[in-house]
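From just these sequences and the hints, can you work out the full model?
Number of protein chains: 2
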Amino acid sequence: MTNETIVTAAMLAIGDELLSGRTKDKNIGHLADMLTLSGIDLKEVRIVGDEENAIVEALNALRTKYDYIFTSGGIGPTHDDITADAVSAAFGVPCEYDADAMNLLGEMYARRGLEFTEARKRMARMPKGARHIPNPVSTAPGFVIGNVHVMAGVPQVFQAMVDAVIPTLRTGTRVLSLGISCPYGEGDIGTPLAAIQKAHPETSIGSYPRYIGQAFSTEIVVRGRSQDAVDAAGDDVRAMIESIRQSKEVAENRSAEA
Amino acid sequence: MTNETIVTAAMLAIGDELLSGRTKDKNIGHLADMLTLSGIDLKEVRIVGDEENAIVEALNALRTKYDYIFTSGGIGPTHDDITADAVSAAFGVPCEYDADAMNLLGEMYARRGLEFTEARKRMARMPKGARHIPNPVSTAPGFVIGNVHVMAGVPQVFQAMVDAVIPTLRTGTRVLSLGISCPYGEGDIGTPLAAIQKAHPETSIGSYPRYIGQAFSTEIVVRGRSQDAVDAAGDDVRAMIESIRQSKEVAENRSAEA
Numbered sequence: 001m002t003n004e005t006i007v008t009a010a011m012l013a014i015g016d017e018l019l020s021g022r023t024k025d026k027n028i029g030h031l032a033d034m035l036t037l038s039g040i041d042l043k044e045v046r047i048v049g050d051e052e053n054a055i056v057e058a059l060n061a062l063r064t065k066y067d068y069i070f071t072s073g074g075i076g077p078t079h080d081d082i083t084a085d086a087v088s089a090a091f092g093v094p095c096e097y098d099a100d101a102m103n104l105l106g107e108m109y110a111r112r113g114l115e116f117t118e119a120r121k122r123m124a125r126m127p128k129g130a131r132h133i134p135n136p137v138s139t140a141p142g143f144v145i146g147n148v149h150v151m152a153g154v155p156q157v158f159q160a161m162v163d164a165v166i167p168t169l170r171t172g173t174r175v176l177s178l179g180i181s182c183p184y185g186e187g188d189i190g191t192p193l194a195a196i197q198k199a200h201p202e203t204s205i206g207s208y209p210r211y212i213g214q215a216f217s218t219e220i221v222v223r224g225r226s227q228d229a230v231d232a233a234g235d236d237v238r239a240m241i242e243s244i245r246q247s248k249e250v251a252e253n254r255s256a257e258a
Numbered sequence: 001m002t003n004e005t006i007v008t009a010a011m012l013a014i015g016d017e018l019l020s021g022r023t024k025d026k027n028i029g030h031l032a033d034m035l036t037l038s039g040i041d042l043k044e045v046r047i048v049g050d051e052e053n054a055i056v057e058a059l060n061a062l063r064t065k066y067d068y069i070f071t072s073g074g075i076g077p078t079h080d081d082i083t084a085d086a087v088s089a090a091f092g093v094p095c096e097y098d099a100d101a102m103n104l105l106g107e108m109y110a111r112r113g114l115e116f117t118e119a120r121k122r123m124a125r126m127p128k129g130a131r132h133i134p135n136p137v138s139t140a141p142g143f144v145i146g147n148v149h150v151m152a153g154v155p156q157v158f159q160a161m162v163d164a165v166i167p168t169l170r171t172g173t174r175v176l177s178l179g180i181s182c183p184y185g186e187g188d189i190g191t192p193l194a195a196i197q198k199a200h201p202e203t204s205i206g207s208y209p210r211y212i213g214q215a216f217s218t219e220i221v222v223r224g225r226s227q228d229a230v231d232a233a234g235d236d237v238r239a240m241i242e243s244i245r246q247s248k249e250v251a252e253n254r255s256a257e258a
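Residue numbers (the UniProt record's numbering), protein chains in the order written: chain A, 1 to 258; chain B, 1 to 258.
Hints may be right or wrong, so weigh each one.
The list cannot tell twin chains apart, which means a pair is met if one copy fits it or any two copies do.
Derived lysine to any residue pairs resembling SDA-like cross-links, with alpha carbons at most 20 Å apart [what the hints assert, rightly or not]: (1) Lys198 x Asp231; (2) Lys121 x Met102; (3) Lys24 x Ile180; (4) Lys198 x Gly39.
No lab work stands behind these hints, which were simulated from the structure alone. Just so it is clear, the structure is predicted and the values come from calculations on it, not from any experiment.
Encoded structure:
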């Protein structure tokens, strides 16, 4: 437990389409992977629709509770893209056309021979004082204000923005993870696994059932910030699996003899 | 707007594995689809880890705000399955071994020649006064207490439980949805689409960018509870696309003549 640094995060995914089922979110899992690799603990995710009050309320609840907040969605050029307004409202600052973003977008559309429409100009709006998150895919930037990182909902753009943001973050001690495949269901392993968890309080041991055909098997995952602690718990998990295997063998031999 | 019934819902997905990225959630999108088909509006989703305080806090915030709450995860037999305890704590009732669930599980394991271990007995625990949600896949029931429906995290089991729960719910006026594929990006359609939204306040018009190759196209989705209103807005959207096509054709002819 010594010298550990914990950095926490939450994500707010924004969009009616996620709640109607039209779009199956791909950004939550990606951000979770990237934060875990970086040593930042994702503690909570919320999904809300394109409603200013809902966004403001969720954002204000999260940004006071966790070190970093990441949002996805609602920063495009159409009327239902209201994230910049909502984030401005949450921080109590005006939502303005950012001069640098206007230049970036104006030049890009000029280069492509496209009109810089009112709708496209909407993508330059952000809370006063926000910094850009670069968008190498389609130019229109995301932005950072306070501890809130506002990114696009289109997965290719979201992922590029996450790549740009991660190196700017303070990170904690990475959580190491050891996965052990277990051929037995949770009903077989539940009691001994609870004892192993108790014996290894520096680790967090999860078991994830898989239901294939007619039987459950499990993946057991040992997580912790100390390699020694994870390895020690992992050894006990492997010994548990071997012990269950032996006792099942004995039981089978007995019923064969009977 | 007449004679419309609005029924709202929220989902709470529970599990460290969703926040670490190990498991990519499949249940949120499925529930969203099923509720939309049933005329229930999913308004908010939260994901929290296997921590009692986090579960209790989220559940109490959601259950007072929406008509129905659906949870996934944390009702298995291992030490990290704490949803039954957390839901009991949220409702201020004891978490007990349910007699009917003990019978169901005891008979099932006896039939399969398996020991009814302490771990497996954990799956019979639920808040005092809860009703079962049947589990045709692997027997261990979910449960309902108040407006909270507690279901398994394994997608096959979650989906079977959703199928069992949906017919028991009060449903609202279904939201009808009309999808229109649009070859132009949001920068082209943003301004006219905002005008169409304004002219059709009974509908909610969303536009969902797709980034394929080097260009954006859009799917425009008109949603509303009145077929006439959805159709009228859809007609205007189609006319808008045709008008953009014509003006682009004129622009191309001009530059060809120049």
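Going down the list of hints, with the structure as the test:
no., hint, verdict
1, Lys198 x Asp231, "within (15 Å within a copy, 61 Å between copies)"
2, Lys121 x Met102, "within (7 Å within a copy, 62 Å between copies)"
3, Lys24 x Ile180, "between (29 Å within a copy, 18 Å between copies)"
4, Lys198 x Gly39, "neither (24 Å within a copy, 46 Å between copies)"
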